[in-house]
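Trainee: Read off the chains here:
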Amino acid sequence: DTAVSQTPKYLVTQMGNDKSIKCEQNLGHDTMYWYKQDSKKFLKIMFSYNNKELIINETVPNRFSPKSPDKAHLNLHINSLELGDSAVYFCASSQPTSRGFFFGPGTRLTVL
Amino acid sequence: SQQGEEDPQALSIQEGENATMNCSYKTSINNLQWYRQNSGRGLVHLILIRSNEREKHSGRLRVTLDTSKKSSSLLITASRAADTASYFCATDVASGSRLTFGEGTQLTVNP
Chain A
182 DTAVSQTPKY LVTQMGNDKS IKCEQNLGHD TMYWYKQDSK KFLKIMFSYN
232 NKELIINETV PNRFSPKSPD KAHLNLHINS LELGDSAVYF CASSQPTSRG
282 FFFGPGTRLT VL
Chain B
155 SQQGEEDPQA LSIQEGENAT MNCSYKTSIN NLQWYRQNSG RGLVHLILIR
205 SNEREKHSGR LRVTLDTSKK SSSLLITASR AADTASYFCA TDVASGSRLT
255 FGEGTQLTVN P
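Listed in order, the protein sequences are those of chains A and B.
Quick note on the working numbering: the first sequence kicks off at 182 and runs consecutively.
Quick note on the working numbering: the second sequence kicks off at 155 and runs consecutively.
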């Protein structure tokens, strides 16, 4: 009964490749997010979707494209991967009246 | 600009001692939240304190909020080795819109 799940957990790939990370939440939340955590553990929001609609896009390069087929899923597709994209990517969900955000386990992306 | 800053960056204590972490932020908030992240894992929500609240308790956790100083503290009492983790404060300026995280405090509780 995982609340927010992400796949894959680890992703190792070459520069220039295209990859996707999938996220699903079974909490019935309306809002989903992608956060990036760098090597110093700093967490920065990338995107937010509310009911499949993009509401936050934090000056992320357009090589990153989120896709929300329904409100329970928010996938992240990354084109032309660069070394600097190496990080841990977290999906999260929330409800405006809920008590806090629920985070997925993270996807550790390593670009070689 | 980064919303939250935490201190200390790292804290090492013995089991049974209390641990206090502080967080400062820059803008007005709707609420402030604390999260724990165990090594290699996702973030887990610990406690939320609203802007009109000054103190909140949950088990061994006590959070205070001073909106005039734009600061918050997290106190963990009677710490255990299992409390070893990174702790982050996060501010929400409009309920559920986004969370802006601080830099985190790495807490190590030695058995």
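Accuracy of the hints is not assured; some may be wrong.
[Claimed, not checked] A few chain A residues facing chain B, derived, Cβ under 7 Å:
1) K222
2) M227
3) S229
4) P250
5) A253
6) G285
Source of the hints: derived by calculation from the structure; they are not laboratory data.
C-beta atoms are modelled at their ideal positions from N, C-alpha and C, and glycine is treated no differently.
Trainee: Would you mind marking each hint as holding or not holding in the structure?
Mentor: Cross-check of the supplied hints:
Interface restraint check: K222/A against chain B, minimum CB-CB distance 5 Å, threshold 7 Å, status holds. Using the Cβ-Cβ criterion of 7 Å, the hint placing M227/A at the interface with chain B is not satisfied: the shortest such distance is roughly 10 Å. About 6 Å separates the beta-carbon of S229/A from the nearest beta-carbon of chain B, less than 7 Å, and the hint is met. Restraint check, P250/A versus chain B: the minimum CB separation of about 22 Å is more than 7 Å; hint violated.
Hint status for A253/A: violated, given a least beta-carbon distance of 17 Å to chain B, over 7 Å. For the restraint placing G285/A at the interface with chain B, the shortest Cβ-Cβ distance is roughly 6 Å, inside the 7 Å limit, so the hint holds.
Of the hints listed earlier, those the structure fails to meet are numbers 2, 4 and 5, in rising order.
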